[in-house]
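*Asks:* Next come the chains, spelled out residue by residue.
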Amino acid sequence: MPFLSFEPALSSISNFSQRYRDTLIEIVSCLFIILFIYAGLTKLIDGHKFYDNINNSPILGGIIIASIASWAIPMAELIAAFLIAWPKTRLKGMYAALGLLAIFTAYITGILFFSPYIPCSCGGIIALLSWEQHLIFNIGCLIMSIIGIVLLRIKFKETNKMENTNLPKYQLE
Amino acid sequence: MKTKFLLPVLAMIFAIGMSFTTVNADKAVATGFIETSPGNWEQVDVDCPTGLNDCRMFFSSEPDKIYSVYDAPAGNLIKTTNQVPVEVQ
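Protein chains in written order, with the working numbering: chain E, 41 to 213; chain U, 35 to 123.
Everything labelled a hint here was simulated from the structure, so no lab data went into it. Note that this is a predicted model, so its numbers are computed, not measured. Errors might be hidden in some of the hints.
Calculated cross-link-like contacts (lysine-lysine; reagent style DSSO-like; alpha-carbon spacing at most 30 Å) [stated by the list, open to error]:
1. U/Lys113 - E/Lys197
2. U/Lys99 - E/Lys195
3. U/Lys99 - U/Lys113
Selected chain E positions facing chain U (in silico; Cβ < 7 Å) [to be verified]:
4. Thr63
5. Glu66
6. Cys70
7. Ile73
8. Ile74
9. Ile77
10. Thr82
11. Asp92
12. Ala146
All C-beta atoms in this analysis are idealised placements derived from N, C-alpha and C, irrespective of residue type, glycine included.
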């Protein structure tokens, strides 16, 4: 797992944040819940606009991709948001968020550096950002998701350590 | 147990409300392209309901520059009912 190699490097951060770890996890989770529910719902409500944007995209384009993406992407965002909201599936939700953000960042990078023209980023609050600003925003969210994943994994490790001590069974339940 | 779900639920309610307030679902817009300089095309969203007149637009920051709106880069002019150029923020 690639993130295991990051944990020693981030151990100093985790020591500092141990007191605030749970708070940090809650903040990151709430931010992603807001981000993905807002993004997913706006794409579903304004489906025609999102479909047109994908259909006219200089990189993707095409009716088939637009038809699939106009449903798949908002549903994936909403599922990721619900996974993050439920504490038991929060880590899975964070991995889903990381995957989605990686895809979106790759798309923005493709638009900025490889496309013949720059399309408009129309719709919603995030439309106020330029493509370059959107790229920086996505990279920031990617870093946040990585931090969330590392903190959750550390928390689960410590929880498992406590459960493996020789406590009577009734005290663990 | 209750506090574990309070913040996520509040975040969800906030996001749902925000998404409904920022979406202009009833706005009739067409995705078009303008040639900002020879060979350079830019995608824009303009309110050009289908009609017989050429769809034209200008940016609020440059009211003197009127652009014709096409359905694709170097494509066909979009036809609209508008007789005056559409202002785009």
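*Asks:* Would the stated hint for E/Cys70 survive a check requiring a Cβ distance to chain U of less than 7 Å?
*Replies:* holds, 4 Å
*Asks:* Against chain U, is E/Thr63 within 7 Å by beta-carbon distance?
*Replies:* Violated, about 10 Å.
*Asks:* Please verify that hint: E/Glu66, Cβ, nearest Cβ of chain U, below 7 Å or not.
*Replies:* holds, 6 Å
*Asks:* E/Ile73 was flagged as interface toward chain U. Is the shortest Cβ-Cβ separation under 7 Å?
*Replies:* At about 4 Å, which falls below the 7 Å cut-off, the nearest Cβ of chain U leaves the hint on E/Ile73 intact, so it holds.
*Asks:* Under the criterion of a CB-CB separation shorter than 7 Å, is E/Thr82 in contact with chain U as hinted?
*Replies:* With a minimum Cβ separation of about 5 Å from chain U (threshold 7 Å), the hint on E/Thr82 holds.
*Asks:* Holds or violated: are the alpha carbons of U/Lys99 and U/Lys113 at most 30 Å from each other?
*Replies:* holds, 19 Å
*Asks:* Can we keep the E/Ile77 interface hint, with Cβ of chain U closer than 7 Å?
*Replies:* holds, 4 Å
*Asks:* Keeping to a limit of 30 Å between CA atoms, is the pair of U/Lys99 and E/Lys195 held or broken?
*Replies:* violated, 58 Å
*Asks:* Holds or violated: is the Cβ of E/Asp92 closer than 7 Å to a Cβ in chain U?
*Replies:* holds, 5 Å
*Asks:* Holds or violated: U/Lys113 with E/Lys197, Cα cutoff 30 Å?
*Replies:* violated, 63 Å
*Asks:* Holds or violated: is there a CB of chain U closer than 7 Å to the CB of E/Ala146?
*Replies:* Interface hint status for E/Ala146: violated (20 Å vs cutoff 7 Å).
*Asks:* Interface hint check: E/Ile74, Cβ to nearest Cβ on chain U, cutoff 7 Å. Holds or violated?
*Replies:* holds, 4 Å
In summary, the structure is inconsistent with hints 1, 2, 4, 12 from the numbered list given earlier, while agreeing with the others.
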